[in-house]
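Chemist: Letter by letter, the chains look like this.
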Amino acid sequence: MSTPARRRLMRDFKRLQEDPPTGVSGAPTDNNIMIWNAVIFGPHDTPFEDGTFKLTIEFTEEYPNKPPTVRFVSKVFHPNVYADGGICLDILQNRWSPTYDVSAILTSIQSLLSDPNPNSPANSTAAQLYKENRREYEKRVKACVEQSFID
Amino acid sequence: MQRVQADQKPARMHQHAHTHSHAHSLQHAEEKEHNSNEMTTNLSSTGRIAASSSATPSAAAGGGASGAPTPPKSLALNQNHHYAPGSDTSGEQEEELLDSRYECAICIDWLNEPVLTSCGHRFCRSCLTAWMQKNNQCCPMDNKRLSAEHDIFPDNYTRREIEQLKRDCPNSSLGCSVVASPIELHRHLPSCPYRRQQEPQEEKCPFAKIKCDFVGRPETNQLEEHLKADMPHHMQLMLQAFQQTAIATWQPHKPSTSGAAVENGHGQQQLPPPPQYANGVDEQIVQTMYQRIVVLEQRTREQETRLENMQKQLRLARQQAPVDPRYSNGTIVWRIEQLGALVARLRANANNQVYSHECYTSPHGYKFCARLNIQPRKPHVLSLHVHLMQSENDYHLDWPFKGRIKLCMVHPADATLSQHDTIMTKPEILAFHKPREAISTRGFGFLEYANISNIIQLGFCADDRLLIKIEINIV
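Chains as they are written, first to last, in the UniProt record's numbering: chain A, 1 to 151; chain B, 1 to 475.
No lab work stands behind these hints, which were simulated from the structure alone. Just to be clear, a hint being listed does not mean it is correct.
Here are the simulated EDC-like cross-link-like pairs (lysine to aspartate or glutamate), alpha carbons at most 16 Å apart as the crow flies [stated by the list, open to error]:
#1 B:K312 <-> A:D50
#2 A:K75 <-> A:E138
#3 A:K131 <-> A:E146
#4 A:K14 <-> B:D109
#5 B:K134 <-> A:E61
#6 B:K134 <-> A:D84
#7 A:K54 <-> B:E302
#8 A:K75 <-> A:D50
#9 A:K54 <-> A:D84
#10 B:K166 <-> B:D99
#11 B:K406 <-> B:E471
#12 B:K469 <-> B:E358
#13 B:K426 <-> B:D464
#14 B:K312 <-> A:E146
#15 A:K142 <-> A:D50
#16 A:K139 <-> A:D84
#17 B:K312 <-> A:E49
#18 B:K469 <-> B:E337
#19 A:K139 <-> A:D45
#20 A:K142 <-> A:D45
#21 A:K54 <-> B:E297
#22 A:K142 <-> A:E61
#23 A:K54 <-> A:E146
#24 B:K406 <-> B:D421
A few chain B residues that don't get close to chain A, going by computed Cβ distances all over 10 Å [said to hold, decoys possible]:
#25 I108
#26 P140
#27 A148
#28 R167
#29 H188
#30 C212
#31 E302
#32 E358
#33 H380
#34 V381
#35 D394
#36 D463
#37 D464
#38 I474
The beta-carbon is built from N, C-alpha and C at its ideal position, and this holds for glycine as well.
Next comes chain A alone, as it looks inside the complex (with noise of 0.2 Å):
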């Protein structure tokens, strides 16, 4: 059956796939247009650089109305990323806007692997390095891109 946000997720894969955004990609899985993977390339010039850290994106039938819920599949090592792989961006929560397609949320998330918040931390430990002892917050991160060749 095709409905409202079934049709906008077409027209967003649509669009990834005509203009595609550097160092992000993602698509439908096989068999449910509702859940997607993603793939995030760590930016350059940052200690995630050369990671390649995997995602998966669940929508609802609410879609483009409510944000979708992204997750790091791969270990991130970030002030803002879950243990269990969850993301604190205020525009998953809310600041969302229904105008913000999938390759507006990868982005994003990339662009907030460059620049972290450690004010409002989702992993304390990061947070807490990131501001105190820059080296071994990179030393960590430096762990988990590694680990993301193995994944």
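Based on the hints, put chain B in the right spot on chain A.
Modeler: Just chain B now, with coordinates in the frame of chain A:
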């Protein structure tokens, strides 16, 4: 501040993406023409194949086996190929004409019953209503407060503009003559009498008429494999069918009636109605295949990235496999890469220092390393010092260290231009006493070893790379 930034970036990305979409639509125009030609070719091919199919029984009746294998395979392949371009053309045609002025930012489609907000943004009436019904009393584009009573107006100008964009029905190539606006076409397509009927989910063998019961799935190449592997079986089935036909026509007592009946049957077989398929199902199948291609491309990209990373690590590992420092005989060959970046880092923070790898004067001798830094008050000169390091040999060595240290900044093009310095140790200098830390905090060398601009001007720095050689000998 961070949150606001996060919020702003997607909006800009959105606009950027849309601009590219527009440019891409222009490219699609050319592609659309190509697809149209391709579709025409396919239709002609289908016609020719039909003719060949009708000829097949005659060829078989005549005993000629050479004609049998070709037509069914071609027919199957063209059937597979025929629907995809049609679906693509339909989608691309719609996409091509979607001007940003007529696009709803929520459903990313033509504005349907457009409304205009007081802050100047357009949406479909139903899209904006659905958004605001979920306790969102603000514009999806700029978050300005919106009141349903005072800030939202019908945009009759845009509605009229869209209504005047007349286009052919995507099924016009199948005979539909409707010309309508994009909104009207949306309503027309589900009931278009020329739309493709539902395609069967399974592919039947072209030899089904002679009792071959093979059924394959459209997205696999099972049918192709079947046609190759089971040709002897098909020949046998054709022979049986021919025999039955021959027996059935053997009516010596009523030749005229039997002949008429056979002719009628044959005529019907010669003119089977062309199959028709529902556009929606075709599109779904094509999109499913497209999605799988994308997933596979994504996996390929991931694998390429991993391979590249592993190759990089391998290169680093090879470079970082120097001779065991124990057997370096007191020589440090220090290759400093990216000198520019290093200088910038040293200047940025006076606490930043960079150490070389270590060396031993002999396998059981003294252990040294070198250090580069820049003094905060003299950012234009490079300091170079040699430091003793603790090692397991310290307990049996003579202290303080007595020796000669040669420093050489190697000129990459002309060795005669290299800068040489020689230092003799003195027992009263603490730097040569037994080290109390892993790397002695006291070093010996030059606070002003080299002027950084001279290093570059005199050509010591080739490809942003600097080579410093240090030789330490016991005397």
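Chemist: Would you pick out the hints that fail for this structure and give their numbers low to high?
Modeler: Of the numbered hints given earlier, those the structure breaks are 3, 6, 13, 16, 22, 25, 26, 31, listed in rising order.
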